[in-house]
Structures are given as C-alpha cells and as structure tokens.
Amino acid sequence: MNIQKNWWKFLAIILLLYTVIMGFLGEVPAREILNETIRNLYFHVPMWFGMMTLLFISVVYGIRYLSSGKTDDDIIAREAAHAGVAMGILGLITGSLWARYTWGTWWTQDTKLNGAAITMLIYFAYFVLRGSVEDEQKKARLSAVYSIFAFVMMVVFILILPRMEDSLHPGNGGNPGFNKYDLDSKMRMVFYPAVLGWILLGVWILNVRVRITRIEEQILNDYSGMKDQIL
Amino acid sequence: MERRQKHTLNSLILYLVSTVFVCKLCFRSVPEPGSWNALFWIIMLFSAINAAGKSFVQDSRSRFIYLYSVASPQAIILAKVIYNMLLMLLLTGIGFLVYIILLGSNPVQNMPLFIVNALLGSIGFSAVLTTMSAISSRTNNSFTLMAVLSFPLILPLLMTLIKISKNAIDGLDTTISYKYLLVLVGINVISGVLSYLLFPYLWKD
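Read top to bottom, the protein sequences are chains A and B.
According to our numbering, the first sequence is numbered sequentially starting from 3.
According to our numbering, the second sequence is numbered sequentially starting from 233.
Be aware that a few hints might be false.
What the hints assert, rightly or not - Label-pair distances were calculated between CB atoms; the ranges are:
# : chain 1 : residue 1 : chain 2 : residue 2 : range
1 : B       : Ser267    : A       : Phe129    : 30 to 38 Å
2 : B       : Ala270    : A       : Arg213    : 46 to 54 Å
3 : A       : Asp74     : B       : Tyr410    : 54 to 62 Å
4 : B       : Phe278    : A       : Phe58     : 41 to 49 Å
5 : B       : Val417    : A       : Tyr225    : 48 to 56 Å
6 : A       : Trp206    : B       : Ser267    : 45 to 53 Å
7 : A       : Gly227    : B       : Ala270    : 57 to 65 Å
8 : B       : Val417    : A       : Glu218    : 44 to 52 Å
Just so you know, these hints were derived from the structure itself, not from any lab.
From a predicted model like this one, the values you see are computed outputs, not experimental measurements.
Glycine is no exception: its CB is placed at the ideal position from the N, C-alpha and C atoms.
Given these sequences and hints, build the entire structure.
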C-alpha cells in the first residue's frame, strides 16, 4: 500500500480508534438527563456530517454528469448516495436510541427529525427512480436531475424550516446548542477528530464501492466482448 | 400552445369534489380548525399531483415529437408551469368553495392572507410537480413514481403553506406571517429556477 497516496485512510483509522477509545473511556462532563449518553455525541452527530458530505459529493458528480455525460461520474454519484444513505440510517438509529434515553421516546414530532426522515425518503425515491429506468444513459440523466432538485429542497428543509420552529433538539427554541457551553474543551478534543474520522470513513467506503462497480462494469464489458468474438 | 382536452379538466374537478364529499361523509361534523386546515391542504395536494401528473404523462409520442421540433425546452417548461399554475389556482378556488359548502363553515378570518398563500402555493406546486411529472413520464411505472418522487419534495412547501393558512384561519395579523411568506417565495423561486435550468436535460431523448 502506498502510504503517500493513502495517508488519509490511515488518518481515518487512527481518528476512529481514537474516537472509539476516548468516546467510551474518556471523561465527559456530567449533565442532567444526558448523563453518560452524552458520549453518543461522538457517534450520532458525525453521522450527519458524513451523510451531508457524501450526498454533496453525489450532487456534485450529478452536475458533472449532466455537463460531461461520462458514465464514471454517474457511478460516483450513485455510490455516494448509497453510502450517504447508509450513514443517514446509522444516524437515525443512534439518534433514536439517544432520544429514547433522554426524551423518553424513540421518535417525536420535531423538525430536525422530520428533516432527516424526509432526506431518507428522498433518497429512497432516488433509488426507486434508478430502478425503474432501463436505459443506462437515460437513467443517469433522470436521476442526476432529480438528485440536484432534491438536494436543494432538502437543504431548504433542514436548514431553514427548523430555525423557525421550536424543537427539543439542542440549538433550537431556547435549548442550548452543544457548541455553547455544554461542550467543554475535553469533549471538543474528541468531537472534532470524530467528525473528521467519520467523514473520511464515508469517503473511503465510497472509494471502495466505486472501485468495485468499475471492476464489475469492466468484467461485464469484457464478457460481452468475448461473447461477440465467440458467436 | 397548451390546448387541453375538456374532459381532463372536468374529471379533475369531479375528482376534487368527490374527495371533499368523501371527507365530509367520514367526518360527519365540522372538524376543528387545525384539522380543517390540514385536510384542506391534503386534498389540494392530491388533486395537484393528479393534475400535474397528467401534464407530460398524457402526451402521446407523436405530440412529443411535434413539440420537440417546434419549441425550445425552456419555452415548453415555462408554458407547462404557467398552465399548471392556472389550473391549480382554479382547482384551489373550486376546492375551497366546495369545501366550505359541504363542510358547512368558513373558519378563515384573514381572507387576503389565505388568498395570497393559495396563490403562492399553486406556483410552487406547479413548479415542483411539473418537473417531477417530466421525470416520471420518462420511466416505466410513471404514475406511482410521480407520487413517490413528489411527496418528499413537496413537504417543505406544504408545511409552510399549512403554517400560513393556520395563521390566516386564526385571524392573526399578516405581519406575523411575513417570514413564512418569505420562505414560501424563496422555495418558489428556487424550484422555478431549478425546473427552468434542469428541464432541457430531461427533454432531449
């Protein structure tokens, strides 16, 4: 393995090891209600950072596909959406667990939770759309258009609407955000590396998946080429 | 450019009226303003999806080729969005009238706000749904896909609409709703611009 080229993968491993060890063993401030669940901060919140990064990559490659028409851009856009949704689901699960122990329920009516759920719905619809078109070029074009449209609407939804309504979530409606005083410097030392580590892991997953897909395409092409030669 | 068959419009109106009627039969009594409002917008959402869903799906192959050769994609999307907007305004108007008559009362206290809200809402509905209709018309199972694609995208719009019309029903002063109206205009502008920019990619086949 070429260290100069793959340094970020080692960085991801080191950061995540650090996150897991410090996340479970490190000191955390004792807060009412939150208690030890505050450790979830290192896992739940970075999931959303990771998801947004991956979905953003997906949209960027969607736009690139529309202007270039290269299949490779479409593969990256699709796999980034896959990886992003996987992180989103993990984010939902960790968030739901956290909510169970702090708010006493798995799910509440909350704009941020709804935003997350809608994001998932949008990207499931994206996969359904991909599944229902057969022509490769057309599939790539339609889904690129949809993902650009959807991403913008999603950003509107999760950035603007929550600001207008009260919410149980930290940072809304009189609840303190974590960055104000809840998060002391010790937690910061773990939180920022955790965010970076999870984002890097997401990009790594994307990288592996894209390479697998490229090999699959390659095999398919070779195979059909061989068939042509034999027949 | 848009000459629509009359029976389409009639069937849409009938759809709307019968949905309202079903709701009336289910509720029996006049619902309280909160659910009155939610119900009204849900009915409008379904009618809108039905109406806009037809804008591309119904076009036949030959008509598509004809339009393709005579007009630029930008002109077509503008025409379709404007047509759908007018259609939705008409539907909202009729829907509102039928709704008041059948459910028996009109709880809206701030009527101008409600009308502005409905106007902005139909622009937004039309911009989003027309584009989604264009996407889904290119696929195999277009009708299901239309709903699946549109619902999550229309939700931000719908929630803002419901919020404003709740304010209108409660008779709150218009100034309170300014920031929501601003969001609504913002969503409309964004979705309009996106449809305009992205449609050419959908149009070439």
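Exercise for the section: Any hints from earlier that this structure breaks? Give me their numbers in increasing order, please. Expected result: Those not satisfied are hints 3 and 4.
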